[in-house]
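Q: Based on the provided sequences and hints, a complete structural model is requested.
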Amino acid sequence: MMIERTLIFMIFLVGFWAIIANKHIIKKIFGLNIINAAVVLLFILEGSRIGTQAPLLDMQVTNIVDPIPQALMLTAIVISVCVSALALALSVRLFKATGSFDIDVIQERLSHEQ
Amino acid sequence: MNLILLVLILALSIFVIASKDLLHSVIALSGISMLSALLFVLLKAPDVAITEAAVGAGISTVIFVWAIRHTRRREKEES
Amino acid sequence: MKKSNLFSSCKVLVTFFLIAFTLAPILLSSHPWPNEGRDYLFENASNETGASNSVSAIYLGYRAMDTLGETLVLLVSITGTMTILVGLVKKEKSDSPNTFLLTRDKRKSNQLRTHLLEVVSGKLGPIVLLFGFYVMLYGHISPGGGFQGGVILASGIVFLALGNQSEKETKLNNPIVLARIEGFSFLALILASTSGMLMGKGFFGNPLSHISANFIILLNIIIGLKVGTSIASMCIAMMGRSHDD
Amino acid sequence: MNSSNLMFTPIVLPLLGSALILMVKTFSSRKGRIIAEYMGSAIGLLLPLASLFVLYPVVREQGFLQQVVGSWDPSIGIMYRFDGLSFLMILLSQLISIPAWIYSRGRGPKENTFTALFLIQNASIAAISMCSDLFNLFVCLEVMGMTAYVLIASSKKNAAAFASFSYLLFSSTAMVFFLVGTYGLYRITGSLSYAGITTMIPEPNLMSSVCLVLITVSVLLRVAIMPLSFWLVPAHSKAPHAVSAMLSSVLLKIPLFSLVRILSLVSIGSDIGLVVSYAGAFTALFAVLLALSQKDAKQLLAYHSISQIGYITAAWGMALHAGVTSKTGAFLLSVAFFHALYHAMFKALLFLSVGTTTDYANQRNVYILRGANAQLRASGEKVPITMLCYFVGALSITAIPPFNGFFSKTLLTYALKETMQYTLLTLAGVGTLASFIKLSRIYLPAKPTGQEETKPFPKSIHIALSVLALFCIAGGVFAPQVFNFIKELLASHPEQEQLSFKFFTSSNLLKVLYTSLGGIVLFILAVSKTGTKLLSLLKNLPRSFSDAFFGFAVSIAILVYVLL
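Protein chains in written order, with our numbering: chain A, 1 to 114; chain B, 115 to 193; chain C, 194 to 438; chain D, 439 to 1002.
Hints were generated in silico from the structure; no laboratory data involved. Note that the coordinates shown come from a computational prediction; the quantities given were computed from them, not determined experimentally. Mixed in with the good hints, there may be bad ones.
Unchecked claim - With a straight-line Cα cutoff of 27 Å, these simulated DSS-like cross-link-like pairs (lysine-lysine) come out: (1) A:K23 / D:K594; (2) A:K23 / B:K134; (3) D:K595 / A:K23; (4) C:K394 / A:K23; (5) D:K971 / D:K733; (6) A:K96 / D:K548; (7) D:K897 / A:K96; (8) A:K23 / D:K977; (9) D:K736 / A:K96; (10) B:K134 / A:K96; (11) C:K204 / B:K134; (12) A:K96 / D:K594; (13) D:K977 / C:K204.
Said to hold, decoys possible - Quick partial rundown of chain A residues pointing at chain C, CB under 7 Å, derived from the structure: (14) L7; (15) D58; (16) I64; (17) A85; (18) L86; (19) G99.
Said to hold, decoys possible - Output of the computed footprint for chain C on chain D, the stretches with three or more beta carbons under 8 Å from beta carbons of chain C: (20) 502–513; (21) 529–538; (22) 555–564; (23) 584–598; (24) 626–639; (25) 648–659; (26) 992–998.
From the three backbone atoms N, C-alpha and C, an ideal C-beta is built for every residue, glycine too.
A: Shown next as structure tokens:
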């Protein structure tokens, strides 16, 4: 059990590393997606520990997993996709304006704009 | 089984941020989504699995590929 | 120059380790998972909401407010993305080889629009649409629901748009028709959420007197149409047809 | 329909308005769209004010209204709670958003989608101010943030796209940490509502404290106190003016006051409050120095937003430290909100008037731009309303007596007397005055250059500016009444004595005099040779993107360290 959590923790850290250390803006968005995926995995993985059956109540179920984290994660997945869609559109616009994906270069080139 | 999938996801996520070709990264990212969807099925979360497969592997890949088509595929300028 | 590089990479490392150490106790915690919520839902979800899929019961029943927020996030995000897209598309030549939707004479020269693609996606489109409606309408008893169904609907519409052999737009991939459906379903969502207030059941309450899954089915349909049309119009705009307002 | 349903109207009505606009947009002629737009905005902006009028006596009598959305069992549903604090937050957002929207008719983005998004933003603000559920707070903050990113990016400038991108990346990363915090708290307590969480944490342990710190810092990021304020300056200075006004007047304060709801219920909230209060006071001083070194007019104002939010957080943190239900705590919280309200008024006024001026003069550099009023006249403004309104705003923010800033700042520094923050805030007041002398120089008369144009000046700009200036002046005249109004709504005991504090005492007036003199001296120092050099050193401090995350990590680490 601990190994699974450690793996998810490592996935999270990989994504976070991409956000803070990589200068490429699309890579930063990848990092954002990865840390989101890690949190979603964590919620679902841990929420499924208390049961053995899917949370569909019409069958002869006795021991369902926790449905609350699942419902929360539906929302979280959608929000993360929306955020990355907007971020990508913005980064395409920035690329067209400056011709670069490097965040420092973009900042440098746009700082001369009035 | 869970462990294998998680190790694969970890390996793919390292590939996503290490790869020099953005298109490869996008495909790896959609692979992460597919593997997570598989994991969600194993973890008795079919609703989340459907959403992750449709949204994570579907729409977000489309948007990423669109963005890369309109910009540049390689990470660095080719000399 | 070199010194400042060293300094900034030190800062990145410090950031990384600080975050790693603060998150470790939470992400690695082995505190027992609570089961109060699960037990409550196991007892009551089916009776109180009428939906036997308890995730749907939470998603559109107990925590419908989150779903409203999620729909709003999607709406705003797509509006913003489309605004930026339209700005970009206007600057570009519309018949660059990167666009999918072309007039008939130009299609031949485009390597991306093969005949195979057109035929397969055109024939697959209706089936995908049907499947989308199935997922949407049976969300309360089986895995799936409005959002997932809506995404599948969107891919069906995109398939139809790709497989569209004739010059004219059909009703289903006309951006204006899609935008109209989207606007209507957003209004319908707001009205449906407030209808409970008029019936004395409170905001997002089930306005029907007897407990049944009807309200969840209704919300599923509205959300499915909303999500499907908005994502489809974004994808069509991305393929090169701008959505002028 | 009973009154507890009425509390949802500030959420529902703006959404209804925006749905109407979005639907009609696809249909009819241009005229129909404009009619729908005005109707939708009337529904979304004016009707919530009307419902606030109806709700006021209810809140005064009952203290609060609460309802689970959908009338479910409170252990599983989403609790919404409408109390004095939410009433005030919604009032603040409505009071500012109406003039900001009117202004946008004149100069700002005029698209239909702008109004629709603006209304959605208002709805999300109302939802944030009421919700008592951790995950719902996450969703509402995302809605608010998303509208803010899109509205910032709606400016034609590419720098605005970059500002929006950095805001997006920074705050979305923070929201993932918020989600991690939610995960931890759900794991410990099995509940997502504030009431459920606080009853289940009897004693703070390591995990719950870290979770609360993650949540607090992620929310404070949107409030932009100092180590977390990297995103604010580009976002506020590059956005369209109406959006800038909304961002700095409303969007900075709503997350701050929504945090009170959860932090006041947990025991570690008081320690967090103390740390944040010190951070706020330092922010107030340091941001003012940065403001003094800027050359871009809107950037200067953006740094002042950070500085003023520092004032507010200083009082806010001390209120949490004392406990908001205690007498001092309630007083401090009312003072914090009092300043937040007045700051919203004068900062919106300043952003709009300076924005108008720099647009018509086509020059944003405060060292170059002179004779701005002549330029405004050349572009068709008959009466110098813009300049007069600017001076009302400038005199308010520098706390000169008849205007509202004097009252809120005096009360705020009085409430924090005998603490270290008092000194810092007084020094910040001196800096504020100096930097506004610097900014006011743009209206110095210069040689008339341009010829008269016949284009009519947009009336909506004048309406918006005059309304806000009127707020500033009326806020000054009726300051004790306004403060008592706030205090009655925020105090948990309805029968409290009226404010006994006297504003126009000789010591307060002398303090204004000293501050003004100090400001003038500081200004003279700042424009002298050595001062200019020092300030340009400050201005050219390296500010790279990764510093933002460094600040984020450090502030989390400091809070965790303090709590252990």
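Q: Against this structure, judge whether each hint is valid.
A: Tested hints:
{"no.": "1", "hint": "A:K23 / D:K594", "in the structure": "holds, 25 Å"}
{"no.": "2", "hint": "A:K23 / B:K134", "in the structure": "holds, 13 Å"}
{"no.": "3", "hint": "D:K595 / A:K23", "in the structure": "holds, 22 Å"}
{"no.": "4", "hint": "C:K394 / A:K23", "in the structure": "violated, 52 Å"}
{"no.": "5", "hint": "D:K971 / D:K733", "in the structure": "holds, 14 Å"}
{"no.": "6", "hint": "A:K96 / D:K548", "in the structure": "holds, 25 Å"}
{"no.": "7", "hint": "D:K897 / A:K96", "in the structure": "violated, 37 Å"}
{"no.": "8", "hint": "A:K23 / D:K977", "in the structure": "holds, 23 Å"}
{"no.": "9", "hint": "D:K736 / A:K96", "in the structure": "holds, 26 Å"}
{"no.": "10", "hint": "B:K134 / A:K96", "in the structure": "holds, 20 Å"}
{"no.": "11", "hint": "C:K204 / B:K134", "in the structure": "holds, 24 Å"}
{"no.": "12", "hint": "A:K96 / D:K594", "in the structure": "holds, 13 Å"}
{"no.": "13", "hint": "D:K977 / C:K204", "in the structure": "holds, 21 Å"}
{"no.": "14", "hint": "L7", "in the structure": "violated, 11 Å"}
{"no.": "15", "hint": "D58", "in the structure": "holds, 4 Å"}
{"no.": "16", "hint": "I64", "in the structure": "holds, 6 Å"}
{"no.": "17", "hint": "A85", "in the structure": "holds, 5 Å"}
{"no.": "18", "hint": "L86", "in the structure": "holds, 5 Å"}
{"no.": "19", "hint": "G99", "in the structure": "violated, 14 Å"}
{"no.": "20", "hint": "502–513", "in the structure": "holds (count 8)"}
{"no.": "21", "hint": "529–538", "in the structure": "violated (count 0)"}
{"no.": "22", "hint": "555–564", "in the structure": "holds (count 4)"}
{"no.": "23", "hint": "584–598", "in the structure": "holds (count 6)"}
{"no.": "24", "hint": "626–639", "in the structure": "holds (count 4)"}
{"no.": "25", "hint": "648–659", "in the structure": "holds (count 4)"}
{"no.": "26", "hint": "992–998", "in the structure": "holds (count 4)"}
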